[in-house]
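S.K.: Listed below are the residues making up each chain.
There are 2 protein chains.
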Amino acid sequence: MADKGQLQESIKAQGEVVRKLKEAKASKDQIVEEVAKLLELKAQLGTDDGKQMFALKTPKGTRDYNPKQMAIRESVFNTIISCFKRHGAETIDTPVFELKETLTGKYGEDSKLIYDLKDQGGELLSLRYDLTVPFARYLAMNKISNIKRYHIAKVYRRDNPAMTKGRYREFYQCDFDIAGQYDPMIPDAECIKVVHEILTELQLGDFRIKVNDRRILDGMFAVCGVPDDKFRAICSTVDKLDKASWEEVKNEMVGEKGLAPEAADRIGEYVRMHGGFDLAEKLLQDPQLSQNKHALEGLTDMKDLFKYLELFKITDKVIFDLSLARGLDYYTGVIYEAVLIRPQNVHPSEELVSVGSVAGGGRYDGLVGMFDHKGRKVPCVGVSVGIERVFSILEHKAEASEEKIRTTETQVLVASAQKNLLEERLKLTSELWDAGIKAEVLYKKNPKLLSQLQHCEETGIPLVAIIGEQELKEGVVKLRNVATREEVDVSRVTLVEEIKKRSIQS
Amino acid sequence: MADKGQLQESIKAQGEVVRKLKEAKASKDQIVEEVAKLLELKAQLGTDDGKQMFALKTPKGTRDYNPKQMAIRESVFNTIISCFKRHGAETIDTPVFELKETLTGKYGEDSKLIYDLKDQGGELLSLRYDLTVPFARYLAMNKISNIKRYHIAKVYRRDNPAMTKGRYREFYQCDFDIAGQYDPMIPDAECIKVVHEILTELQLGDFRIKVNDRRILDGMFAVCGVPDDKFRAICSTVDKLDKASWEEVKNEMVGEKGLAPEAADRIGEYVRMHGGFDLAEKLLQDPQLSQNKHALEGLTDMKDLFKYLELFKITDKVIFDLSLARGLDYYTGVIYEAVLIRPQNVHPSEELVSVGSVAGGGRYDGLVGMFDHKGRKVPCVGVSVGIERVFSILEHKAEASEEKIRTTETQVLVASAQKNLLEERLKLTSELWDAGIKAEVLYKKNPKLLSQLQHCEETGIPLVAIIGEQELKEGVVKLRNVATREEVDVSRVTLVEEIKKRSIQS
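Chains as they are written, first to last, in full-length UniProt numbering: chain A, 1 to 506; chain B, 1 to 506.
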């Protein structure tokens, strides 16, 4: 822990940052982030009595979901799961941690981002980094040679978080994968169709799905004169093209990775190309590329892929893009990535929610074999939807709109205007619960009618079932519509039915 | 890693264990567990070429969920979530790990079971041990003074696993908690009602819910002559009464914990008592106990609790049991625990699935204050359903029954009897997807009709939409019912409607 004087200095400086941002009318997100830093510093300092020296926060790069955020999350998951089920997928789950060795050698340079558990005796464990490697481990361990499965779960990466952009250290992945030996590009096309359906249904604005193939990339590198042992390194550099300019990428290839400038220039010509079926046809005429076995296979398959995507009527959103490379080591064939290109934003005056890749995947035919003791291969292709960015966008949308999000589904509040009716309220509430009605009752012996009605207004409960001495005597309940304030006496015998009827209407 | 010779010795010995168990016709579960140990040893040894030295397994005390287990899990969660929502709860989520200091000092002796993350620079983190402490941290951090929330998530304990009994190191908790300053025992009674509803709906067999109160226990200890500073230690010992005999418990009190034998004997008289409202009344007549402020409060509240449970019509399953103590440090009032007493078992010849506590909870009025920098208190009461034991029971039931569990929801397979119709199959499948129909198609260019029908039989798909040259020409689809083998020609225009109609029927 830092020394107290130092901390106080830091707090002062940070307070100044926040003040200036406010003066400069900086974006809400930026201020929120800087205030969070300030609070963290203050928490480290603790209170004067030295009693509370702990930071009251979640770990760096993580967050809680409050009930409103959970309501958004559930609706997004419902959309995604419906799509996965529509495509006939079943689901599995795996532990949040794996043996460390299970993850070793699967992620290339990114391995440094894996969270390890402390060695407390016993096995060495790591938190899962994605859902693909655990899936491959599951297939090999259970000797499964074909399955179509989805898996929605949190994964962990010790990356630099940028929480306002939806980049966290703990985040959800929604994976859909098809394992099995099938005819080329049919499951691959279905994965792209799945991404298309999900992004359309989530209504996040316009999007494009870029596709490419590792075999085409490899063929291209060979043709351009990249030495075999530099393929992966150059591939990683090409992968930066979505964020960096060609000049920067070329500099890294030539400077850092030691590629000949002419080779880089030839790559530069290819990676500018994008199109569809036609581009694949054109490249098959390329005298050099078509001589390369890998490129030939990749391009032929690309033509088939676009043929199937045409049948699915989604080629208007799909681009064959030679600059798409994807970072992970394990891809062996087609790769793809979906990007939002024009996010819907309710308040155009606000800064744009920063967007980018929201889904990605590809074919990985070698991964399962790495786990099989006999090296048996199970070809796989899959897609992962990066849901945190989607949450960010939808949370911003919800905040900007006036619409109230309900966080409970309660149909009716059991209330009373008179005193000493707690027991009668509890009895009626219990009857409603037992009849399957979603009901609440205030936990007070003698709550005011006004505070009972206020609770309904605040939480969106549409109905109130009011009982008093008179109603009890007559065997009725006064059913009040919170929005219209209409009240009607309903026989206690038909109350459940009446509530159900009114719940469907609303 | 152990030396190769040692490992080979261990493997031999473990192989012997498995052989003997099989000879002795031991239970399937036991054999499975011992075989797993054997395989683990073999995996450690690796193959001869030294290429595959890793163990192909999940970490100790964890497991994967296959699609069938997931189907059971989802149905259990649906039951539980429906109940929580019926009671007006909203939901939140928190990260899987917390700052280490957040968990410090909350679990007493059990703190040694917490998983820590490796110090990789930055904050010191631990995996959550339960959902209650993160909930209290969440309330304090967000200054929330009342909420009714549920949270279903995995928690982590480095305990000795007993997986056939549903005791894991990674396991689900389903928590329902009510935070807020309310009139006594009303939310407490609702928590018990929630447990009652869930256990009834899950149809696990008969159960009982034991209740007690920490204030009654404290009063009882005081009256029996237990020194103040030994309350928690003696409480932990009393907690063992569900597994150990009174003699053993007394020995621990007198021997290990240094209690006077007479004090232990007086405790022994109390902890044998159980009943309901009447027992609370009787103990209020106890000249000594009624003089103790804590016991007086606890017993008076216990009478109210039973009054409310009577209104809920559930007193037949609830027992006021003075031997119930519960391990956790943070309880301050009522405590409860649900136990299955006669599990349903389809094959009575099989050994009984071992059962025990399936839910527990209580009141913890001081926990949130431990996180608040100003010590503000938020009274809380809640319950946690221990779902792994429930899964174990239901998985055994499913295994024992002949009933087939479907793991997908696919309504129709698009098939063809003729060759060269892949594109037509894909086109039709895509049309169905776009109309919201759950549809599959085999990923083969020319699959045999028989293998397409077999896929339906194996996975329970009820309908096949068959197209051939003739059907395409006529604009119809042959819709086949897999179970009855009936076939009918349906116009392509009305196909979606026809599938929907038949899906409701089935």
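Just so you know, these hints were derived from the structure itself, not from any lab. Be aware that a few hints might be false.
The list treats identical chains as interchangeable, and a pair is accepted whether it falls inside one copy or across any two copies.
What the hints assert, rightly or not - No farther apart than 27 Å at their CA atoms in a straight line, the calculated lysine-lysine pairs in the DSSO-like style are these: (1) K57 x K374; (2) K57 x K112; (3) K100 x K118; (4) K230 x K473; (5) K438 x K478; (6) K165 x K143; (7) K85 x K444.
S.K.: Determine for every hint whether it applies to the structure shown.
M.R.: Quick rundown of the hints versus the structure:
1. For a Cα distance limit of 27 Å, the shortest separation of K57 from K374 across copies, 16 Å, qualifies, whereas the shortest one inside one copy, 47 Å, does not.
2. Proximity of K57 and K112 under a CA criterion of 27 Å is satisfied in both settings, with 25 Å inside one chain copy and 23 Å between copies.
3. In this assembly of identical chains, K100 and K118 lie within 27 Å of each other by CA distance both inside one copy and across copies; the values are 11 Å within and 12 Å between.
4. In the homo-oligomer, the alpha carbons of K230 and K473 never lie at most 27 Å apart, since the shortest distance is 88 Å inside one protomer and 54 Å across protomers.
5. With identical chains, the CA atoms of K438 and K478 are at most 27 Å apart within one copy only, with a shortest distance of 17 Å there and 45 Å across copies.
6. Taking identical chains as interchangeable, the C-alpha atoms of K165 and K143 lie at most 27 Å apart only when they sit on different chains, with a minimum of 26 Å there against 40 Å within one chain.
7. Taking the shortest Cα distances, K85 and K444 sit within 27 Å of each other only across copies (21 Å), while inside one copy they are farther apart (45 Å).
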